[in-house]
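Undergrad: Start from the sequences and build out the full structure, keeping to the hints where you can.
Quick note: to get this note's numbering, add 548 to the position in the sequence shown (first position is 1).
To be clear, the hints were calculated from the coordinates, so they are not data collected in a lab.
A virtual CB, placed ideally from N, CA and C, is assigned to each residue, including glycine.
Be careful, since some hints might not be right.
[As the list claims (entries may be wrong)] Once the Cα atoms are required to be at most 30 Å apart in a straight line, the calculated BS3-like pairs of lysine-lysine come out as:
{"#": "1", "residue 1": "Lys757", "residue 2": "Lys941"}
{"#": "2", "residue 1": "Lys584", "residue 2": "Lys630"}
{"#": "3", "residue 1": "Lys797", "residue 2": "Lys590"}
[Stated by the list, open to error] Simulated restraints, written as ranges between beta carbons of each label pair:
{"#": "4", "residue 1": "Thr728", "residue 2": "Asn702", "range": "19 to 25 Å"}
{"#": "5", "residue 1": "Asn903", "residue 2": "Met946", "range": "47 to 53 Å"}
{"#": "6", "residue 1": "Lys630", "residue 2": "Thr848", "range": "37 to 43 Å"}
{"#": "7", "residue 1": "Arg691", "residue 2": "Thr723", "range": "29 to 35 Å"}
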Amino acid sequence: MIIKPRIRGFICVTAHPEGCKANVKEQIDYVTAQGKIEGGPKKVLVIGASTGYGLAARISAAFGSDAATLGIFFERPGDESKTATAGWYNSAAFEEFADAKGLYAKSINGDAFSDEVKQKTIELIKQDLGQVDLVVYSLAAPRRTHPKTGEVFNSTLKPIGKQVTIRGINTDKETINETTLEPATPEEIAGTVAVMGGEDWQMWIEDLKAAGVLAEGAKTTAFTYLGEEVTQDIYWNGSIGEAKKDLDKRVLDIRSTLAEQGGDARVSVLKAVVTQASSAIPVMPLYLSLLFKVMKEKGTHEGCIEQVYGLYKDSLYGAEPLLDNEGRLRADLKEIAPEVQAEVGKLWDEVTNDNIPELTDFAGYKSEFMRLFGFGLNGVDYAADTNPDVKIKHLIQM
Numbered sequence: 549m550i551i552k553p554r555i556r557g558f559i560c561v562t563a564h565p566e567g568c569k570a571n572v573k574e575q576i577d578y579v580t581a582q583g584k585i586e587g588g589p590k591k592v593l594v595i596g597a598s599t600g601y602g603l604a605a606r607i608s609a610a611f612g613s614d615a616a617t618l619g620i621f622f623e624r625p626g627d628e629s630k631t632a633t634a635g636w637y638n639s640a641a642f643e644e645f646a647d648a649k650g651l652y653a654k655s656i657n658g659d660a661f662s663d664e665v666k667q668k669t670i671e672l673i674k675q676d677l678g679q680v681d682l683v684v685y686s687l688a689a690p691r692r693t694h695p696k697t698g699e700v701f702n703s704t705l706k707p708i709g710k711q712v713t714i715r716g717i718n719t720d721k722e723t724i725n726e727t728t729l730e731p732a733t734p735e736e737i738a739g740t741v742a743v744m745g746g747e748d749w750q751m752w753i754e755d756l757k758a759a760g761v762l763a764e765g766a767k768t769t770a771f772t773y774l775g776e777e778v779t780q781d782i783y784w785n786g787s788i789g790e791a792k793k794d795l796d797k798r799v800l801d802i803r804s805t806l807a808e809q810g811g812d813a814r815v816s817v818l819k820a821v822v823t824q825a826s827s828a829i830p831v832m833p834l835y836l837s838l839l840f841k842v843m844k845e846k847g848t849h850e851g852c853i854e855q856v857y858g859l860y861k862d863s864l865y866g867a868e869p870l871l872d873n874e875g876r877l878r879a880d881l882k883e884i885a886p887e888v889q890a891e892v893g894k895l896w897d898e899v900t901n902d903n904i905p906e907l908t909d910f911a912g913y914k915s916e917f918m919r920l921f922g923f924g925l926n927g928v929d930y931a932a933d934t935n936p937d938v939k940i941k942h943l944i945q946m
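TA: Following this line, the structure appears as structure tokens:
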């Protein structure tokens, strides 16, 4: 079929397999050009490995450190009449490129919150790898079924304690708008923490350690975002922020667990980028459009792969990790630089429907959004007849 983008709100319901493959290849090429990560990981488990920062973590480990990688994700395959999700195509492409380089790469498609997927992962590690020396936790999900109680929790994006009206950009009409959000209820906050907080990360590490599949000195990291003043009412000070604060609490116990065998656990702070998750946050498309403009002009703009490769090289496996007072690893310092945030804040107040093209890089935002789904990549013939039914070679379907 001829595959074209079909966008509904903040999601594209189609994806292009050749475009996704080209996007993965670009990230691999970037990592390869940067050189090897000295002392990097060799056997890596990535939980949430198919898109965004999780995919970048898998690519950086494999092609920056020649690591064997096991990726966990929950994606939909395609068939003759409909496309798969972008994460499915990304993972198929990753495995193909890893195979070509002689690197171990297998994937499990299923609910990472479930005990069944955890146990299957442990079985596969024992069978193929023995142990892993790095566990990257990069799940972004709208809901979670608790593996012990069966209770279903939903996450929400709301402020806490007050009604908030925030500026944004209508990505369909390309106009500036305002969105008023009611405060989250206690139940909504608790649900968001249950889905996006640190409990599942902690469960993974405890299960892996109990099974004896964590190597001596193994590390783990989970990704977070802090942001600055423009985004904090809806993010860090909102319901999603409570979940991220839960990561900061639980990492202390996880760190103690791993310290028993010479390991370490850290929350890693990454910059704002265009992902399927960030596109759903009302304030983010406008903020990202302004941030891109400012950072590109300063020559400091980075995407997922630049951020994660830098995190590996400078902090996870660097001699002098970039740590904040809370013990988090920081890869977001270029975004939160005072001169960057001052300029973003100034433009935030000045942008109107009439000056969007001049004051923002909304065109760059749209381009990055389309690339998430494999559209707009150089060298891809989008007019060609393309088979949407792509297999993942080393997939275990749960």
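Undergrad: Quick one: are arginine 691 and threonine 723 within 29 to 35 Å, going by C-beta?
TA: holds, 31 Å
Undergrad: Is lysine 797 close enough to lysine 590, meaning Cα to Cα at most 30 Å?
TA: holds, 28 Å
Undergrad: With the threshold set at 30 Å, check whether the alpha-carbon distance from lysine 584 to lysine 630 stays at or below it.
TA: violated, 39 Å
Undergrad: Quick one: are threonine 728 and asparagine 702 within 19 to 25 Å, going by C-beta?
TA: With a Cβ separation near 21 Å, threonine 728 and asparagine 702 satisfy 19 to 25 Å, so the hint holds.
Undergrad: Hint says 37 to 43 Å; check whether the CB-CB distance for lysine 630 and threonine 848 agrees.
TA: holds, 40 Å
Undergrad: Quick check: does the Cβ-Cβ distance between asparagine 903 and methionine 946 fall within 47 to 53 Å?
TA: holds, 50 Å
Undergrad: Regarding the pair lysine 757 and lysine 941, is the alpha-carbon distance no greater than 30 Å?
TA: holds, 29 Å
In terms of the numbered hints stated before, the structure departs from hint 2 and from no other.
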